[in-house]
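The whole structure should be built from the sequences, with the hints applied where relevant.
The primary structure of each chain is shown beneath.
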Amino acid sequence: MNILVIDWLIFAEKLVLIAVIIFSSLGVALYTTFAERKVAAILQDRPGPNRAGPFGLLQPLADGVKLFTKEEIIPNAANKFLFILGPGLAMTAALMTCAVVPWGNKLELFGRTIALQIADINIGILYVFAVVSMGVYGIMIGGWASNNKFSLMAALRGASQAISYELAMGMSLISLLFLTGSLSLKTIVEQQINNSHFWNIIYQPVGFIIFFICALAECNRTPFDLPEAENELNFGYHQEYSSMKLGFYLFSEYINMFISSAIMATMFFGGYDMPFVDESKFDPNIAAIIGIVALMVKVVIFIFVFMWIRWTIPRFRYDQLMDLGWKKLLPLALANMLITAFFILLQSNPIKF
Amino acid sequence: MQSLTSRAKAVERSPMTFLEQLYLWNILKGMFITFLHIFKKQPTIRYPEQKREFSRVFRGLHVLNRDSEGRENCTACGLCAVACPAEAITMEAAERLDSEKHLYREEKYAAKYEINMLRCIFCGLCEEACPKDAIYLSETFTPADFARKNFIYNKSDLLIPHRINQAEELSAAKGL
Amino acid sequence: MAATQIIFWFLSVLALVSALMVILSKSPVYSVLWLIALFFAISGHYILLNAQFLAIVNMIVYAGAIMVLFLFVIMLMNLNNETEPQKNLWIQLTGAISGGCLLMLLISLIKQATEIHGKRLIFENGTIGLIENLGKSLFNEFVIPFEISSVLFLSAMVGAVVIGKK
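Protein chains in written order, with the numbering used here: chain A, 4 to 356; chain B, 2 to 177; chain C, 2 to 167.
If you are wondering where the hints come from, they were derived from the structure by calculation, not from laboratory data.
Misleading hints may appear alongside valid ones.
As the list claims (entries may be wrong) - Cut-off 30 Å, straight-line C-alpha distance, at most; resulting in silico cross-link-like pairs (DSSO-like, lysine-lysine):
1) B:156 to B:175
2) A:330 to C:27
3) B:102 to B:42
4) A:41 to B:52
5) B:42 to A:41
6) B:133 to B:113
7) A:41 to B:41
8) B:175 to B:150
9) B:109 to B:133
10) B:52 to B:133
11) C:167 to A:331
12) C:167 to A:83
13) C:112 to A:152
14) C:167 to A:330
15) B:175 to B:113
16) B:41 to B:30
17) A:330 to B:30
18) B:10 to B:30
19) A:331 to A:109
20) B:30 to B:52
21) A:152 to C:27
22) C:166 to A:152
23) B:30 to A:41
24) B:113 to B:150
25) C:27 to A:331
Computed from a predicted model, the values in this text were never measured in an experiment.
Right, dumping it as structure tokens:
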């Protein structure tokens, strides 16, 4: 009787991989909150959190304990079920994206080859888009269920911003996909590792800039953090939230930042490719570890740039934000797409004079 | 209209060019400025470990002085209380008994001497008004407390420790 | 029963339950959320049929974009039990009759459709849903309908802009 015809070893392997990736992205997000405060401090000529533990390294734990011990408030008029569902959805959507990112090449352990990617599906990028568009529901449901008009306004603000910037993001990626000819992130990385091919940033600088700006907007980071404008727009969709539910929202933002950095590194900066090093000369395990380290270094650089931007630029006015998304980035991405398509056509059908 | 200074600049209101509307160049300029701040020296003093030097003219917590034989200088004349702009000082005078000659320098002494540290503005006028060199402003802070009543310092809080009888406390107060 | 079949039954039950809940739930916001669940279940079915592109596009376009706009409208109108207008008995009756007619029509169509008879679902083997094959058939065999539908969308967009400008 074979009810479930599954290769249990692969199942267990993937389960372990999922657990490792989820916990490490949670850990990275935890320390991103700390890094955020540290970077802010350094850019503002002050030391930043340095009391909890050596160099303040235990600060995120202290913050977590603080959030956990705070009073859990659910407003009387709120829709209780959706109020709790909101942060959960935000967190789930943030974590789901990491399934298609290739974190490294293959590990060879116990005579098995373990691919360091949860699922190599041939529509990887589209999957990322689908999950990102799901992230809007966390914001909208949380804002609406609070039964507070300011939360609702902020939720609408956030959702319309996310939808608007998804368009330009998709357009900028289409021109990249023209070049790669594949939607699988793994294939895209392998193309970039190939020596005759440079990183995609060389071929698609404009596309990268558009994608980066849109990633800022999707993660609700400054200068696009209108959904959670604390000081001038009366906080955001999480105004009524307290304790760990608020923590979930804030946390999912940092996980989003981490994952979008990983995706940018994968698509434009060669993923787990260490530049100027030929990985095929090494033992596959060592090569895989080098690859993971290379990817992480790229991710850390991106996260630093995210923070650097946050502590440099004030936020946009809302009409400027919409203007930038619809009237600047979208036409720019379209033009970029057409030009790329033109060159690819030229390459495949050379004009004969 | 004539400009008030030579540095005045007219506000430019010409419409932005396409590149300016993309904001990218200005954003990069701004980011360069913040990047330079990474290498700047931090002016922060990490307080409990490091302490900022007081200025030479710092005026802190009051001290009631004793003379070279360890007797209290204060005669409760009330000039400090009169001089005090914040009306922080109150005192009650008492006459010295013969048996107390080693305790008080003059015939009259302050039986009760209170300074409300929440009212005090640390101006130092009491110090200047005192004809007997009895009150000084030291180089310490008033420590924080939870209750208002604890900020009313009485004689036992203010009086400098005796040079011989309380030698240890004196050196502790001097911070040695 | 293989794993795919278990998943198939689970997704079918989920799809039917959520479709029913879309109609039955009192609050329109809940209806929209159940509709999203329904789209997810249908996407799951697409994946079972190895039509990954369709599954993801269904999620991006319907669950990700259109449903967000639905939620926008419902949240802004603040529909709840007090503000809901009382429906006329006649309107309810006509609705029931027309809906019933449609149901009858669908059932009779499915019964008459001879192609379906004796055919089983092809799990994991069909390749038409993969993005390359889909693209090739869209731009070779079905290029004219595809382009005509894009013109249709363009006209809809122009219409929306014209209405918005008024």
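Hint check: residue 167 of chain C vs residue 331 of chain A, CA-CA at most 30 Å. Holds or violated? Distance ~24 Å between residue 167 of chain C and residue 331 of chain A Cα, so the pair holds.
If you draw a straight line from the CA of residue 167 of chain C to the CA of residue 330 of chain A, is it 30 Å or shorter? holds (20 Å)
Within a Cα-Cα threshold of 30 Å, do residue 109 of chain B and residue 133 of chain B meet the stated pairing? holds (12 Å)
Is the Cα-Cα distance between residue 331 of chain A and residue 109 of chain A 30 Å or less? Judged against 30 Å, a Cα distance of about 41 Å means the pair is violated.
Has the given pair, residue 30 of chain B with residue 41 of chain A, been kept, meaning a C-alpha gap of at most 30 Å? holds (22 Å)
When you check the alpha-carbon spacing of residue 27 of chain C and residue 331 of chain A, does it fall within 30 Å? violated (42 Å)
Within 30 Å, alpha carbon to alpha carbon, are residue 175 of chain B and residue 113 of chain B? holds (24 Å)
Proposed proximity, residue 42 of chain B with residue 102 of chain B (alpha carbon, max 30 Å): With a Cα-Cα distance of about 59 Å, the restraint between residue 102 of chain B and residue 42 of chain B is violated, given a limit of 30 Å.
Verify the proposed pairing of residue 10 of chain B with residue 30 of chain B, using a straight-line Cα cut of 30 Å. It holds: about 21 Å lies between the C-alpha atoms, which stays within 30 Å.
Within a Cα-Cα threshold of 30 Å, do residue 133 of chain B and residue 113 of chain B meet the stated pairing? holds (17 Å)
If you draw a straight line from the CA of residue 41 of chain B to the CA of residue 30 of chain B, is it 30 Å or shorter? holds (18 Å)
Run the distance test for residue 41 of chain A versus residue 41 of chain B: straight-line Cα separation, threshold 30 Å. Holds, at about 15 Å.
Violated hints, in rising order: 2, 3, 10, 12, 13, 19, 20, 25; the structure is consistent with all others.
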